[in-house]
Amino acid sequence: MTLGRLWSDKRYRAVITQILVVAGMFMLLAFLATNAVQNLEALGKTFGFEFLQAPAGYDINQTLIPYDSRDTHFRAGVVGLLNTGLIAVTGCIFATILGFILGVLRLSSNWLINRIVYCYIEFTRNVPVLVQILLWHAVIVHTLPAVRQAVSPAEGVFLTNRGFYVPQPIFEDGFSLVVVAFLAAVAGVIVFSRWAKKHQEATGQIYPVFSIGVAAIVGLPLLAFFVAGMPVSLEMPELTGFNFQGGMVLRPEFIALWFALSIYTAAFIAEIVRAGIQAVSHGQTEAAFALGIKPNWTMRLIIIPQALRVIVPPLTSQYLNLTKNSSLAIAIGYMDIVATFGGITLNQTGKEMEVMIIVLSIYLVISLLISAFMNWYNRRIALVER
Amino acid sequence: MSTMKVLLAAGALTAVGATGAAAGTLDDVRAKGFVQCGVSTGVPGFSFTDDAGNWRGFDPSVCQAVAAAVFGDSSKVKYTPTTGKTRFTALASGEIDMLARNTTWTFSRDVDLGFTFIGVNYYDGQGFMIPKNLGVGSAKDLDGASVCIQTGTTTELNLADFFRTNNMNYEPVPIETNEEARTNYLAGRCDVYTTDASGLAASRAAFDNPADHIVLPEIISKEPLGPLVRQGDEQWGDVVRWTLNAMINAEEYGVTSANVDEMAGGASNNPEVARLLGSEGDLGGMLGLDAKWAYNVISQVGNYGEVFERYIGSETPIGLERGINALYTDGGLIYAPPMR
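Same order as they appear, the protein sequences are chains V and D. FYI, the working numbering numbers position 173 of the first sequence as 173, with every residue one higher than the one before it. FYI, the working numbering numbers position 250 of the second sequence as 1250, with every residue one higher than the one before it.
Looking at chain D on its own, in the form it has when it is part of the complex (with noise of 0.2 Å):
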């Protein structure tokens, strides 16, 4: 029994000399040399790759910038495709240190799941898509219909909500991916697919037919869309939330990528404008990063407004209009505290 007690006693010591090591995030990503990000398994516009084979979207952009701030490059990022169910485990163990997937902010992920939302870069709520043909012109309608849904999601848990409070019936048919959902529910496995309606619209706009299937009109949920990180790490937590409140300011303060440098040469005499791009004071360094951070985000990845138009705006076959997600000065709910 003893000698029980000694081997136990040898191995506590062994292991506490070996772990450790929870410090700043960016310290870790400044000396890997990149930023780990976990991003969807593919939404149209949203989170996608193209021809080459690169990460490009909305959701993407984010991590694109935070890796502009950190290195002034925006291409020093790799890319943790996550499913509904992979994405809390992959960040809350540390494989990526951020997470930007049309992740909706609660109040128990927040607290409970031990994360830190740091915004909102889109404000959606959840609708349904059916078929034209089956004629259900609204929500209410669809007592007894087989429902298509990404599991670990909290579009399910809304989903069973609406459902029991307006005494229907349904089918939940679990799928894992948005590929998924579309290849169940274009086979007819469901007569609706539910999921946030921006994910709907760029869904939609990837069918062969897009004009044969509407978007219901009830919107079930309040779906705030942002990027998390990992609770506890307030300097890395500041990183990309100023990153994401940089490019909300650009865009109000009209600091685009394409005239950033006449901006930064003193073209603007907003002293946002010259703090924002590191002209005047020393916002970068308070940050722990370079003067010039804010200045490569524009640059390089661009302002809210030029990435929203980029990816899934009106002018892409997604073709969302900037409604609820315009800048607060559009009368909007976009709106990012003062650079000061």
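Only chain V is shown next, with the shape it has when bound in the complex (with noise of 0.2 Å):
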């Protein structure tokens, strides 16, 4: 057969064009590769790892684990991707709970409300959320007292143009008790409520499991609190030379850069939400209501399962959006790995190329978890068809 032949065959059209096309994408990413080797060498440099183990020689102000300027570039590293994590953990949550409340408000049949959350979700979604974090940064380190004239709603609580300073407990030998109650109470809900779950299928009886479960979760680690004697003391921040010691502080970067990024997500989780809740029939609520379901056991057997099947998806992805925007934290300089490793340790080291691929692979890495778990969540919550 010849080639003109082959190209008029529309199924071995198909397979040359990908063949085409593969080929050239492996001829672009050989180009670039080549391309870097010989710059590398061009500029006599060298292509290794070993910087990780060198002393990184810089301080970082937010730390969650011990680090100080001796350490390696290696635990820099970490001590970023910490703070990365620290920001994607409580940013996606706080997002999810404000995200969940004001879709559900955008469907009030309150005027007065229904508007507010409107202009709400459009403004925060319309405005750029660099811009956002840097109006926070700004209103905290301009609008806020200096540290001296620090501002104290409760015994302990301080809040400054420097961050908010809040006393820290001091957990002190008992306190495990709790720990082990606490652990022990929601061992014993799990096993309560698959109890009673099979109790109702077998004979139509209903327990309360949820309030018994918030009851046991939340009385059982307070009762051993007690029973050990409360052994937690509480460390004041207090004023000593140049700023506040002891305590905990949170300070302006990671609030601004939490607050900003929440915020941000939430608006477009309302909208999710509210589709979500949209997408099911009301014909579901009317057939609920026909068999004399109570209204809030429609929303939450019927509703609301329903509707996470269109709400999770979409919500995946802003998760992703928000772990990745944290690396914005640059901007009003919140230590994040980015900060931390791809700034200063790429600056200090010069190895660009070693760093970039190191932050590019931790970030893949953990959106591939993130999604990894939110589709695991999906495949849970699917319609199960039979």
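There could be a bad hint or two in this list.
Which residues of chain D face chain V? A partial, calculated answer using Cβ under 7 Å [said to hold, decoys possible]: (1) Lys1085; (2) Thr1089; (3) Leu1113; (4) Gly1144; (5) Gly1152; (6) Leu1157; (7) Ala1160; (8) Met1168; (9) Pro1172.
List of simulated lysine-lysine pairs, BS3-like, C-alpha gap at most 30 Å [what the hints assert, rightly or not]: (10) V:Lys324 x D:Lys1085; (11) D:Lys1222 x D:Lys1132; (12) D:Lys1140 x D:Lys1085; (13) D:Lys1140 x D:Lys1032; (14) D:Lys1132 x V:Lys45; (15) D:Lys1085 x D:Lys1222; (16) D:Lys1032 x D:Lys1078; (17) D:Lys1032 x D:Lys1085; (18) D:Lys1292 x D:Lys1032; (19) D:Lys1222 x V:Lys45; (20) D:Lys1032 x D:Lys1076; (21) D:Lys1076 x D:Lys1292; (22) D:Lys1078 x V:Lys45; (23) D:Lys1292 x D:Lys1078; (24) V:Lys45 x D:Lys1085.
What the hints contain is simulated information worked out from the structure, not anything from laboratory work. Where a beta carbon is used, it is the ideal one built from N, C-alpha and C, also for glycine.
Dock chain one against chain two, each of which comes alone in its own frame, and use the hints as you go.
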């Protein structure tokens, strides 16, 4: 067969085009790789990861694990990664709560509430998130009082333009009893709810699982806390010298980034939630009422499970967005992985290629993990077809 | 599988054919018609934009001098503002031809990062600025302070060492640019701003009430600042190096932008001046430049002392004394090898 005849055959043509595209992509990749290698050689630079074990030499203001300037670049990277994780986790949680509340309020028949939420959503999601981060940072740094004029709304709590200082709980001996009580309560509630479900399926009798669960999870650790003799003391922040010492501090950079990312993402989540609820046909509610199901049960057992199927996939993208947007931290000096490892380490060692490969891989892994978790959750709540 | 190998081989072949070109920077600069110069994002006196939006200052002057040497026209420069973090990548990648941005000459930058520092145009050291009303008189009393610090700089590392060796704690407040530092410092986000002492003087001069702030007496590091180029292109390195040396030598021999014409016309019987200005010998030709290269530098930009006094000297708002940046003949450290 000649090439011309191959080309005129539809099936072969499809295969040939695909081969050409793949070949083109490989050529491009190979070109980029050789180009990078040649340029590095021309500059007399070596490629390697030994620098990870060298002392970092710089300090980081927010560290979740012990760190000082003599630790390695690797550890500095871990400190940054944990700071990224802190923003991602707290941001996703707050954005989800706020987003669900706003999404439901957006459907409210109260005109004022409805309009206020509408304005909020349209404003926050149409202003670039970087601008919002800078705005909140500027608000905290420029409007809150200096350390020596700190506002103290409660004992041991101080609001300043260098951050919010709160007392730090110090766990003493015996606190492990509270932890054990908590874990026992959680395990007990899980067992109880399984039993209650079986019991209900067998006899039709219903137990108030939710209120009993809450009572156990809150009550048991509280009881243990008093039995153990209240083994927690508070370390109060105190103004000594230039700054408050002791206690815990939420820095303006953290607050601004966390708040800006949360309210930005919450606006998108609110729209997703609204769409999800509206996607469930009103006939479902009517059918449930016709069967005599109570309104709050209708919501919990009929509407929300169906709405979640619509909500979860786009919610995943919002979590991914929030996590990736946290790299904007660099604009206000929050020390995340991009600022510590991808910024200062890169600059002090000059290992652009290696550092960028590592930072890129880290974000890829985080995103894939979030994605995998959400896909698992989505499969769990998906419509079970029989 | 074999298809894969063929594809890879084909890819590799095309790639080899298409790359290359890291030849002479001087030729590249001539071909494009201007010098691409990396400067800072703005430090009063050292590099700033004037009312017309043109970059001016102590650092851009070096780039203008190089343009005068290469093209005979000091205006043939394009500027790339860089932060402490972007500057080295910009130079290494070839985005800029030279970096004139109060950058400290250190071992690792010279050796490991693959750059060549062509000299020192300002001998500096790291200092601390603090509001007067905090009543601090020494850097040793800064335990517990919040310190604004530009990231990706040598000052960041010196700061960590200084506080650690003195057993003091501090909160680093990382910032990107001098302007950001100013805002955060004046808003009280940090107690102290640390950078090169010259930079502190320059920043303070731009405050509304400069007298409310003091620079502490301790200088905690050596910061020799100078222009740099990529390593491995000796010809271009020589052009930039000897342009700076020509400016320094011109000051030593008393050649200024005002008297350069008389000097070139034979008013001086110093043979060094004759060689410098191209009326004797062919130093320019050895560099691959016009014989009048240094004449153009002096007449259009001025000698080292003129540039210093014009932008950062004691007559300017920045008000820096020559100090250790005086010529060696006046007891300073500024010294250039002979033009021979």
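Structure versus earlier hints, numbers of those that do not hold, lowest first: 8, 13, 14
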